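Q: One-letter residues, chain by chain:
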Amino acid sequence: KQEVTQIPAALSVPEGENLVLNCSFTDSAIYNLQWFRQDPGKGLTSLLLIQSSQREQTSGRLNASLDKSSGRSTLYIAASQPGDSATYLCAVYVGGATNKLIFGTGTLLAVQP
Amino acid sequence: SAVISQKPSRDICQRGTSLTIQCQVDSQVTMMFWYRQQPGQSLTLIATANQGSEATYESGFVIDKFPISRPNLTFSTLTVSNMSPEDSSIYLCSVSRVGGELFFGEGSRLTVL
Chain F
4 KQEVTQIPAA
14 LSVPEGENLV
24 LNCSFTDSAI
34 YNLQWFRQDP
44 GKGLTSLLLI
54 QSSQREQTSG
64 RLNASLDKSS
74 GRSTLYIAAS
84 QPGDSATYLC
94 AVYVGGATNK
104 LIFGTGTLLA
114 VQP
Chain V
6 SAVISQKPSR
16 DICQRGTSLT
26 IQCQVDSQVT
36 MMFWYRQQPG
46 QSLTLIATAN
56 QGSEATYESG
66 FVIDKFPISR
76 PNLTFSTLTV
86 SNMSPEDSSI
96 YLCSVSRVGG
106 ELFFGEGSRL
116 TVL
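The listed protein sequences derive, respectively, from chains F and V. Under our numbering, residues 4 to 116 are what the first sequence spells out, in order. Under our numbering, residues 6 to 118 are what the second sequence spells out, in order.
These are computed hints drawn from the structure, not numbers from a lab. Treat the hints with care, since some could be wrong.
[Claimed, not checked] Taking lysine-lysine and the DSS-like style, the derived pairs with C-alpha atoms no more than 27 angstroms apart in a straight line are:
hint	chain 1	residue 1	chain 2	residue 2
1	F	K103	V	K12
2	F	K71	V	K12
3	V	K70	F	K71
4	F	K4	V	K12
5	F	K4	V	K70
[Claimed, not checked] Pulled a few chain V residues facing chain F out of the computed Cβ check, cut under 10 angstroms:
hint	residue
6	Q27
7	L50
8	P76
9	F80
10	G104
11	R114
The structure presented is a predicted model; accordingly, all values stated were derived computationally and were not measured. Cβ atoms here follow ideal geometry from the backbone N, Cα and C, with glycine treated the same way.
Work out the full structure: start from the sequences and follow the hints.
A: As C-alpha cells, this is what we get:
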C-alpha cells in the first residue's frame, strides 16, 4: 500500500531564506508526482508536476526533484517571501488497479517578514 | 490549466439534512474526482465521477451517503446525505488533464451543527 509522508510537518523561516520541503513515498511504482500549495480554507493550486521519467522541474523560484529509486522528492523554494506562507502538499499518482492520487500529510510553511 | 468553479463555497447545515455541491469546469475533461479534507487532515479521495455511468467509490465511501452525478464532461455534483457533525469538511472537486496533472476547485467548506 502506497504511503506518502512529508517532513517537516511545520516550518518557520525568516524572509529571504532558501528552504527545502521533503516528500517520501513507499512504493516507487508511480506515474508522476505533483506538488500543490493550499492557502487556509482554500482549494489546492498546482505548483509542479514531475513525470516518473523526469528528475526535476522548475518554475520561477521553485524547483522540485524526484528520485524514484529512493522514494523521495524535494521542493526547493529560493529566496522565500511572506506570500509563500501556506501548506505544501505532495501527491503521487499510482496507476494500475489503484489508479488514483495519494496525498502526503503536508508541510505548513510560515515565512516571517 | 483548468478553471473549476464550485458552489457553494461554504455552508452551515443542520444534522440530518442533505447538501448538494456543484462543480463546473471551463472545458471538457475526461476525469473528475471528489475529495474530502477533514479539519487538520490531508485529502482523501471519495470517488471518481464517471460521465454517463455510476461513480466509482473508494473504500469507506458509499453511494447512499455520497451520491454523485456527472451528466456531461464539464459538470458534476456531489451530495452529502443525512449529514452529521462528522461530515464537517472541505469538499473539493478536481479534474485531470493530459499528462496526469490534477487541478482543484476552491472547495466547499461544510459545517454541520
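Q: Hint by hint, say whether it matches the structure.
A: Hints, verified against the model:
1. F:K103 x V:K12: holds, 24 angstroms
2. F:K71 x V:K12: With a Cα-Cα distance of about 38 angstroms, the restraint between K71 (chain F) and K12 (chain V) is violated, given a limit of 27 angstroms.
3. V:K70 x F:K71: violated, 37 angstroms
4. F:K4 x V:K12: violated, 34 angstroms
5. F:K4 x V:K70: Distance ~26 angstroms between K4 (chain F) and K70 (chain V) Cα, so the pair holds.
6. Q27: violated, 14 angstroms
7. L50: With a closest approach of 5 angstroms, the L50 (chain V) hint holds.
8. P76: violated, 23 angstroms
9. F80: violated, 17 angstroms
10. G104: This interface hint holds because 7 angstroms falls under the 10 angstroms limit.
11. R114: holds, 6 angstroms
Violation of the numbered hints given earlier is confined to hints 2, 3, 4, 6, 8, 9; the remaining hints are satisfied by the structure.
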